[in-house]
Amino acid sequence: MALEQRTNGIKVQSEHNRDDDWSTLLLLVGSKRDRAAFERLFHHFAPLIKGFHYSRSHQAMSPEAADELVQEVMFRVWRKAPSFDARKASASTWIYTIMRNCRIDYLRRNSRHLTESDIEVDDIWDETPDSQPFAVLQQRRNERDIAEGLRNLPAEQSHVLEKAYMEGKSHSEISQELGLPLGTVKSRVRLALKKLQGALKRPE
Amino acid sequence: MIRHHPEKDMMLEYAAGTLPWALGLAVAAHLQLCPRCRQQHEQLNVIGGSLLQDSDCEQPDEGAFERLMKRIDRSAAESAPAEMKQSEANSRLPADPALVNLPRVIRKLVADNLPLKWQRVSPALKMTRLNTGQEQYEVAFHRIRRGGRTAEHDHRGQEVILVLHGRFSDADGVYVPGDFLVRRPGEIHRPIATEDQECLCFSVVEAPVAVTGVLGWLVNPFLSFRPG
Chain W
1 MALEQRTNGI KVQSEHNRDD DWSTLLLLVG SKRDRAAFER LFHHFAPLIK
51 GFHYSRSHQA MSPEAADELV QEVMFRVWRK APSFDARKAS ASTWIYTIMR
101 NCRIDYLRRN SRHLTESDIE VDDIWDETPD SQPFAVLQQR RNERDIAEGL
151 RNLPAEQSHV LEKAYMEGKS HSEISQELGL PLGTVKSRVR LALKKLQGAL
201 KRPE
Chain V
1 MIRHHPEKDM MLEYAAGTLP WALGLAVAAH LQLCPRCRQQ HEQLNVIGGS
51 LLQDSDCEQP DEGAFERLMK RIDRSAAESA PAEMKQSEAN SRLPADPALV
101 NLPRVIRKLV ADNLPLKWQR VSPALKMTRL NTGQEQYEVA FHRIRRGGRT
151 AEHDHRGQEV ILVLHGRFSD ADGVYVPGDF LVRRPGEIHR PIATEDQECL
201 CFSVVEAPVA VTGVLGWLVN PFLSFRPG
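Protein chains in written order, with the working numbering: chain W, 1 to 204; chain V, 1 to 228.
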């Protein structure tokens with residue numbers, strides 16, 4: 001694991017290294033079905049997955065539902081680990097997409113609008129890496145820039161992103177909850193994305 | 001070249017997993033045709049990954065890891081999940097030139113809706129409704145014959161259109177495969193297919209469409225709203 005560093009510049013570096021460590025563990029789980037590596041991943045990610053959906057700051061789910069979701073997400077992480085490609089995404093981004101799809105499944109099972117169909121969540125939210133040539137280095141740099149940019153967003157902008165991603169709220173639900181016009185929510189989202197994407201175009 | 005893409009807030013709702021199922025289908029099909037939006041989608045996933053990495057930690061329930069490993073051992077004893085349903089689905093697709101180059105999610109949708117029953121809406125327009133596993137939105141294919149003109153219509157709800165084959169034009173421009181259009185209530189339009197080939201579109205409609213022409217009710221495909 002990466003060494004803890006105090007100075008600001010190096011701290012970013014060590015966070016990046018830490019994420020590389022999780023990727024390495026994930027690769028071990030995928031290629032060698034390494035249970036010790038999986039256990040370390042579990043102890044790191046399970047509390048984050050639960051906290052993402054249930055914590056002091058927000059309760060998008062009951063604690064029981066969040067625990068069930070942890071089980072399902074980590075089960076799929078184990079099963080899908082052989083398809084994890086560390087060049088295309090970090091461990092946390094890859095696990096995020098699995099978690100999001102599990103949550104859609106969970107909400108769908110409890111929905112009244114469900115009808116019989118062969119179409120599955122993974123068909124619509126399909127994260128199969130495409131075969132096109134890919135700027136790998138660029139992608140890893142993007143990951144760091146977005147993570148850092150996210151921490152530097154004004155609170156009102158990061159707040160709407162958290163509501164969308166963590167509480168699973170649509171823009172219109174967010175506008176109702178915060179008592180803001182829908183247009184304001186959308187423009188906050190756009191401003192936030194513009195800032196995050198601006199961070200990506202920063203000169204070297 | 002694709003010139004019309006989903007707006008950023010729809011892309012965000014898709015990446016966050018809050019976009020309704022039927023709209024998610026349209027965005028997914030667009031992504032499978034549009035490398036630019038695929039890249040943007042990956043960036044939006046990174047936001048999710050960063051929020052996960054920065055979440056408050058909540059300890060899972062007692063014995064969670066042991067419970068999970070038991071489940072993993074049980075599932076290893078059973079047979080591996082069947083993969084490659086896709087190629088099986090492909091072999092069942094009808095030999096229809098408009099359905100040859102579909103994005104994989106639409107191919108699977110077609111395979112799940114066979115045989116397609118095309119209804120003649122007007123001399124220029126045929127449509128078939130598609131079951132997608134939800135009943136909030138009406139999802140359908142529309143095909144306009146070469147050079148065909150459809151009736152001018154308005155929308156009571158939002159309509160998303162993805163061009164899949166051929167081209168069509170309206171007062172605002174010409175649309176090609178991969179173009180993703182959103183028509184809001186009050187936006188009257190009258191699609192016309194180009195002369196060279198027929199045009200196939202995938203559409204997701206929130207509410208029935210109103211036809212604005214005097215005799216429009218005769219040709220309105222959406223007067224009977226049957227979600228699927």
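Derived by calculation from the structure, the hints in this document are not laboratory data. Backbone N, C-alpha and C fix where the C-beta goes; we use that ideal spot for every residue, glycine too. Watch out, some of these pointers could steer you wrong.
[Said to hold, decoys possible] Cβ-Cβ distance ranges computed for the label pairs, FRET-style:
1) W:His58 <-> V:Ala95: 49 to 57 Å
2) W:Leu114 <-> V:Val174: 34 to 42 Å
3) V:Val174 <-> W:Glu173: 34 to 42 Å
4) W:Glu68 <-> V:Val174: 24 to 32 Å
5) W:Leu191 <-> V:Leu114: 55 to 63 Å
6) W:Arg79 <-> V:Gly147: 20 to 28 Å
[What the hints assert, rightly or not] Taking lysine-lysine and the DSS-like style, the derived pairs with C-alpha atoms no more than 30 Å apart in a straight line are:
7) V:Lys8 <-> W:Lys88
8) V:Lys70 <-> W:Lys32
9) V:Lys8 <-> W:Lys194
10) W:Lys32 <-> W:Lys80
11) W:Lys32 <-> W:Lys194
12) W:Lys80 <-> V:Lys117
13) W:Lys88 <-> W:Lys195
14) V:Lys70 <-> W:Lys195
15) W:Lys32 <-> W:Lys88
Outcome of the hint check:
no. : hint                              : result
1   : W:His58 <-> V:Ala95: 49 to 57 Å   : holds (52 Å)
2   : W:Leu114 <-> V:Val174: 34 to 42 Å : holds (38 Å)
3   : V:Val174 <-> W:Glu173: 34 to 42 Å : holds (36 Å)
4   : W:Glu68 <-> V:Val174: 24 to 32 Å  : violated (50 Å)
5   : W:Leu191 <-> V:Leu114: 55 to 63 Å : violated (46 Å)
6   : W:Arg79 <-> V:Gly147: 20 to 28 Å  : violated (51 Å)
7   : V:Lys8 <-> W:Lys88                : holds (22 Å)
8   : V:Lys70 <-> W:Lys32               : holds (18 Å)
9   : V:Lys8 <-> W:Lys194               : holds (10 Å)
10  : W:Lys32 <-> W:Lys80               : holds (13 Å)
11  : W:Lys32 <-> W:Lys194              : violated (41 Å)
12  : W:Lys80 <-> V:Lys117              : violated (37 Å)
13  : W:Lys88 <-> W:Lys195              : holds (23 Å)
14  : V:Lys70 <-> W:Lys195              : violated (45 Å)
15  : W:Lys32 <-> W:Lys88               : holds (20 Å)
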